[in-house]
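Asks: Note that the protein sequences, when read in sequence, are chains A and B. The first sequence begins at 819 in our numbering and counts up one residue at a time. The second sequence begins at 59 in our numbering and counts up one residue at a time.
Please keep in mind that the hints were generated in silico from the structure rather than gathered at the bench. Treat the hints with care, as some may be off.
Said to hold, decoys possible - What follows is a list of derived Cβ distance ranges for each label pair:
id	chain 1	residue 1	chain 2	residue 2	range
1	A	S859	B	T78	36 to 42 Å
2	B	P66	A	P858	17 to 23 Å
3	B	S142	A	H894	40 to 46 Å
4	B	P141	A	S843	34 to 40 Å
5	B	G109	A	Q860	35 to 41 Å
6	A	N875	B	T172	23 to 29 Å
7	B	K67	A	G920	36 to 42 Å
8	B	D84	A	G919	38 to 44 Å
9	A	T844	B	N86	33 to 39 Å
10	A	Q860	B	T170	33 to 39 Å
11	A	S859	B	S142	18 to 24 Å
12	B	T172	A	T844	40 to 46 Å
What the hints assert, rightly or not - What the simulated footprint calls covered on chain B by chain A, stretch by stretch (three residues with Cβ under 8 Å from a Cβ of chain A suffice, anywhere in the stretch; the number is not a length):
id	segment
13	66-75
14	129-140
15	144-157
Claimed, not checked - The following residues of chain A were derived to be distant from chain B, with all beta-carbon distances above 12 Å:
id	residue
16	S830
17	E833
18	D849
19	Q860
20	T890
21	A901
22	G921
Here a beta-carbon is modelled for each residue, glycine too, at the ideal position from N, C-alpha and C.
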Amino acid sequence: DAKTTQPNSMESNEEEPVHLPCNHSTISGTDYIHWYRQLPSQGPEYVIHGLTSNVNNRMASLAIAEDRKSSTLILHRATLRDAAVYYCILRGYAGNMLTFGGGTRLMVKP
Amino acid sequence: NAGVTQTPKFQVLKTGQSMTLQCAQDMNHEYMSWYRQDPGMGLRLIHYSVGAGITDQGEVPNGYNVSRSTTEDFPLRLLSAAPSQTSVYFCASSYSLAGSYEQYFGPGTRLTVT
């Protein structure tokens, strides 16, 4: 399975945008890029996913590099509730169970 | 929809005891899975199922059994609990395994084995 690399932790101020990076240099052409987050003491929660084009939903935006070797999850205005561990995961077109790495722990300061 | 539900929320077992963690989903999803999460770590896949009557092993299956007799339920059985199985267990379901579909997770069961 193609692997992803994320920073261990990031800090942000409340109400400012946050850009969470993910490197996936061995991504295959049919791998989808998924993002999940895990709030303290809760199960992981789906955030967004994409294949080639940038994607937006009510929670976040996903910016995918043209060569697809990296992507960035964008939270437009961080709130205290966004403090969580964010996981970037590749999921093949034909399907596979999710493989979780260490993720990025996002801390949001008031 | 209740989504993915898990019971119990917390459990303490003695070494050697057995128990079953329950997982149910009401979204008519074919695909269900169990993960464990040790402190400060990511999730690791224990077992998964691609439909009623079909199960397979994940990354860390030893010490656990599963069966899938209905689409809705996917229980995880600990045969003889060991302290190394102290962890938080998450159940998940998905409409499809295909890359364009997301997984839905339950709230977790926190298990302590003494």
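Asks: For this structure, which hints from the list above don't hold up?
Replies: 1, 5, 6, 7, 8, 10, 13, 14, 18, 19, 22
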